[in-house]
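Novice: Chains A and B are the protein sequences, given in the same order.
So the first sequence is numbered by the numbering used here: it starts at 16 and just counts up by one.
So the second sequence is numbered by the numbering used here: it starts at 16 and just counts up by one.
The set of hints was computed from the structure by calculation and includes no laboratory data.
A quick note: this is a predicted structure, and the numbers were derived from the prediction, not measured.
Treat each hint with caution, since some may be false.
In silico lysine-lysine, DSSO-like type, Cα no more than 30 Å apart, as pairs [said to hold, decoys possible]:
#1 B:K276 to A:K399
#2 B:K294 to A:K205
#3 A:K349 to B:K349
#4 B:K61 to A:K202
#5 B:K349 to A:K392
#6 A:K237 to B:K294
#7 B:K435 to A:K276
#8 A:K58 to B:K61
#9 B:K205 to A:K392
#10 B:K349 to A:K61
#11 A:K61 to B:K202
#12 B:K276 to A:K237
#13 B:K205 to A:K205
Chain residues, written in single-letter form:
Number of protein chains: 2
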Amino acid sequence: MTITPPSLLSLTIDSALLHLSSFSDLSHIPDHILIDLFRRTLKAGKLNERILNLFIASGDDKLLSFIKELNIRPVYTPVLPTRNIKDDDVDIVIGALQSDLTSFMNAWKPIFSRFHLIIVKDPELKEDLKIPDGFDVKIYTKADMDKTAGASLTSQLFSGYSCRYFGYLVSNKKYVISIDDDCIPAKDDKGFQVDAVAQHLFNLAVPATPLFFNTLYDPFCKGADFVRGYPFSMREGVPCALSCGLWLNLADLDAPTQALKPEQRNTRYVDAVLTVPAKALMPLSGINIGFNRELLGPALFPGLKLTKEGKLRWETMEDVFSGMCVKVVCDHLKFGVKTGLPYVWREERGDAVQSLKKDWEGMKLMEDAVPFFESIKLPAEAVKAVDCLLEVAKLVKERFAAEKNSVFIQAADAMTEWVKLWKKVVPASN
Amino acid sequence: MTITPPSLLSLTIDSALLHLSSFSDLSHIPDHILIDLFRRTLKAGKLNERILNLFIASGDDKLLSFIKELNIRPVYTPVLPTRNIKDDDVDIVIGALQSDLTSFMNAWKPIFSRFHLIIVKDPELKEDLKIPDGFDVKIYTKADMDKTAGASLTSQLFSGYSCRYFGYLVSNKKYVISIDDDCIPAKDDKGFQVDAVAQHLFNLAVPATPLFFNTLYDPFCKGADFVRGYPFSMREGVPCALSCGLWLNLADLDAPTQALKPEQRNTRYVDAVLTVPAKALMPLSGINIGFNRELLGPALFPGLKLTKEGKLRWETMEDVFSGMCVKVVCDHLKFGVKTGLPYVWREERGDAVQSLKKDWEGMKLMEDAVPFFESIKLPAEAVKAVDCLLEVAKLVKERFAAEKNSVFIQAADAMTEWVKLWKKVVPASN
Numbered sequence: 016m017t018i019t020p021p022s023l024l025s026l027t028i029d030s031a032l033l034h035l036s037s038f039s040d041l042s043h044i045p046d047h048i049l050i051d052l053f054r055r056t057l058k059a060g061k062l063n064e065r066i067l068n069l070f071i072a073s074g075d076d077k078l079l080s081f082i083k084e085l086n087i088r089p090v091y092t093p094v095l096p097t098r099n100i101k102d103d104d105v106d107i108v109i110g111a112l113q114s115d116l117t118s119f120m121n122a123w124k125p126i127f128s129r130f131h132l133i134i135v136k137d138p139e140l141k142e143d144l145k146i147p148d149g150f151d152v153k154i155y156t157k158a159d160m161d162k163t164a165g166a167s168l169t170s171q172l173f174s175g176y177s178c179r180y181f182g183y184l185v186s187n188k189k190y191v192i193s194i195d196d197d198c199i200p201a202k203d204d205k206g207f208q209v210d211a212v213a214q215h216l217f218n219l220a221v222p223a224t225p226l227f228f229n230t231l232y233d234p235f236c237k238g239a240d241f242v243r244g245y246p247f248s249m250r251e252g253v254p255c256a257l258s259c260g261l262w263l264n265l266a267d268l269d270a271p272t273q274a275l276k277p278e279q280r281n282t283r284y285v286d287a288v289l290t291v292p293a294k295a296l297m298p299l300s301g302i303n304i305g306f307n308r309e310l311l312g313p314a315l316f317p318g319l320k321l322t323k324e325g326k327l328r329w330e331t332m333e334d335v336f337s338g339m340c341v342k343v344v345c346d347h348l349k350f351g352v353k354t355g356l357p358y359v360w361r362e363e364r365g366d367a368v369q370s371l372k373k374d375w376e377g378m379k380l381m382e383d384a385v386p387f388f389e390s391i392k393l394p395a396e397a398v399k400a401v402d403c404l405l406e407v408a409k410l411v412k413e414r415f416a417a418e419k420n421s422v423f424i425q426a427a428d429a430m431t432e433w434v435k436l437w438k439k440v441v442p443a444s445n
Numbered sequence: 016m017t018i019t020p021p022s023l024l025s026l027t028i029d030s031a032l033l034h035l036s037s038f039s040d041l042s043h044i045p046d047h048i049l050i051d052l053f054r055r056t057l058k059a060g061k062l063n064e065r066i067l068n069l070f071i072a073s074g075d076d077k078l079l080s081f082i083k084e085l086n087i088r089p090v091y092t093p094v095l096p097t098r099n100i101k102d103d104d105v106d107i108v109i110g111a112l113q114s115d116l117t118s119f120m121n122a123w124k125p126i127f128s129r130f131h132l133i134i135v136k137d138p139e140l141k142e143d144l145k146i147p148d149g150f151d152v153k154i155y156t157k158a159d160m161d162k163t164a165g166a167s168l169t170s171q172l173f174s175g176y177s178c179r180y181f182g183y184l185v186s187n188k189k190y191v192i193s194i195d196d197d198c199i200p201a202k203d204d205k206g207f208q209v210d211a212v213a214q215h216l217f218n219l220a221v222p223a224t225p226l227f228f229n230t231l232y233d234p235f236c237k238g239a240d241f242v243r244g245y246p247f248s249m250r251e252g253v254p255c256a257l258s259c260g261l262w263l264n265l266a267d268l269d270a271p272t273q274a275l276k277p278e279q280r281n282t283r284y285v286d287a288v289l290t291v292p293a294k295a296l297m298p299l300s301g302i303n304i305g306f307n308r309e310l311l312g313p314a315l316f317p318g319l320k321l322t323k324e325g326k327l328r329w330e331t332m333e334d335v336f337s338g339m340c341v342k343v344v345c346d347h348l349k350f351g352v353k354t355g356l357p358y359v360w361r362e363e364r365g366d367a368v369q370s371l372k373k374d375w376e377g378m379k380l381m382e383d384a385v386p387f388f389e390s391i392k393l394p395a396e397a398v399k400a401v402d403c404l405l406e407v408a409k410l411v412k413e414r415f416a417a418e419k420n421s422v423f424i425q426a427a428d429a430m431t432e433w434v435k436l437w438k439k440v441v442p443a444s445n
């Protein structure tokens, strides 16, 4: 082993480089040393987002223009190119449950700013929305809902988290991406920020494989393929209608589980996308999803309201119920539903123990809903999502006819109203 | 920022530490510096397996005794404790397709040496087996098979990869782990070696959840849980009967796919275990599996032989066919099948293009087998794996009766013979 005799300054910089991760301030370092340190950091492959921010925070003009010269920006994990999806084919729909969206929007700026945004304000939210500049955004409020759906239907369908469904209705794009306003971009297992929109679009653009499970997950991901034994006739797959993303930090648990394990956080980054097999049901979460609006139509629907539900995710079941309906419809129409990547980072919101005091109905609800959705079979004549939805609503009413005030009957009524409204607003769906 | 003035030696060592990953020889460094460098490597959290081997390779006595003193050994990724599984409850079954198992066994030594091993020699393999010392191993050869099953059944059931099924038969343990002899331990996404046996036993020891899909994968993994909407009545899960592990490097592709993409290697480490939903079929691979022998009995069976199959994994379908059968049996008996972790590292073996010249029947076979397995329903009276197997054999014969020389009919005959043999050798299964 030979080590070329180094200068003291060079060794000092080496040593600084070695300990860079423990520094929190570089502002006292002379600028020529700072630039040298930055160069060596780059060369050592040690420049990550945190370190970049540390250098930027030094405020050193020469360094800043050097960084600009090199065209260094925060890095997003590359996703395979999304075959033929134009930015114009996409709407990002955000339901605004809080009035100040500044930090949410700024966190998503590098990802969202290419796309058209639909922000739907919870009709029960009083304050004006605060939305930063720099976005191509259309805002919808209670006035728009009242005009389109009428005041009574608005309060039935679009309050709380359900406000985003109004965005699904008025969008006229092929693809919709929807992310809750308490989520920011997540980082992957290598520390890179995840472009959740690109991943959803990729999931939607490549086929799904619901008819046979591939043990190496999505066979269309880079480096993956179909495993020995996978039937060749099924390798073409089916169109993907829905992409369900996941959550780091606060996982999407129900109130009892969250209350039982208040310290539990999801830290496991599972680098996979998979198609949920046909006939299998899963708990869809509306927190972070993308869907093909041309295929799904109104299949994601609002309407299931728990009697004592509030404005916290773990108090709602509208997305889970509608998710089982969507899965049944997709199985019937031979579309795929994917789950896995992309992750978003969920911030804390609310108090699970307080929610528990509301005598949470969600637990009991699923015990009836799951066997029902497992048992139903849609008629062959139902070849469009709108027809399938009306069939499901009919079956729900038959099954739960004995329970006059059941949340299911109310949901089925809301579903029917919703489909009527959809057919009126989206003539192409008929 | 303050940097304490360092000595030149200290700076030199810092610099060496920084470049450690590019060194390949430390043998010329004086031993006091070597020990100091080792200490700092430890302190900087930079000691990984490669670096440890680099230090060990220096051959420096003082350093070696220092390493011994600190009780530093190669690290294996920790897996949650496997509730109540004793080492004595486990057999590791290896089918020997090559005579020299030295490097295979040595690679697995830290993982295998705690357990009883059953090594079954391919009856067509002529040379004597070479097995290193240090294992608790029982070897079975053609003579043992002939004695137990008769010469004709031996050649029908136990040649090539199928020899390992003889190990499943003669084991008298609750759990069997089986890994192909061209696999060595894999490393996880953090660079730690994976203890595949511990992971299989964990998968088998905790419940499976085939009745409803959990979007955060195995809810029993550390840090995971059931997602909002998961029915509470299903959270207890069902017993897990089978754990299917995966493969890094050479993935388990079929001959046509492997021939088409000769450079393709699986590098994606997906940190998840999941239960394959009920009613969904998947391509089981026998390369890296663990199962509960008390629950599955003879459900993993040899017998499906392609006319031109050779001694390469991509030429065989016995495991895929038997996997579909096992899945149907598990769905019927309400047992779970898991897939995902653990990974093994598969070495190269054979030439896919040569295999292709054999007019590979596997492709066509699955087109008939999948719809068949999807359609069958086992009678309620079949409450044990042995009964289920005999029912499946009967249904195969009915379905493929028109095809006299079909591989399916031969497989059904072999299945029946296998169950007869199992009932004779394992009286408890009756």
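Novice: Each hint: holds or not?
Specialist: How the hints compare with the structure:
1. B:K276 to A:K399: Not OK: B:K276 and A:K399 at ~39 Å, beyond 30 Å, violated.
2. B:K294 to A:K205: 36 Å, violated
3. A:K349 to B:K349: 27 Å, holds
4. B:K61 to A:K202: 23 Å, holds
5. B:K349 to A:K392: 23 Å, holds
6. A:K237 to B:K294: Distance ~28 Å between A:K237 and B:K294 Cα, so the pair holds.
7. B:K435 to A:K276: Violated - the C-alpha atoms of A:K276 and B:K435 are around 50 Å apart, more than 30 Å.
8. A:K58 to B:K61: 19 Å, holds
9. B:K205 to A:K392: 46 Å, violated
10. B:K349 to A:K61: The hint is violated at about 51 Å.
11. A:K61 to B:K202: Roughly 23 Å separates the two Cα atoms, so the pair holds.
12. B:K276 to A:K237: Satisfied, since the Cα-Cα distance of roughly 13 Å is no more than 30 Å.
13. B:K205 to A:K205: Holds: B:K205 and A:K205 sit about 10 Å apart, inside 30 Å.
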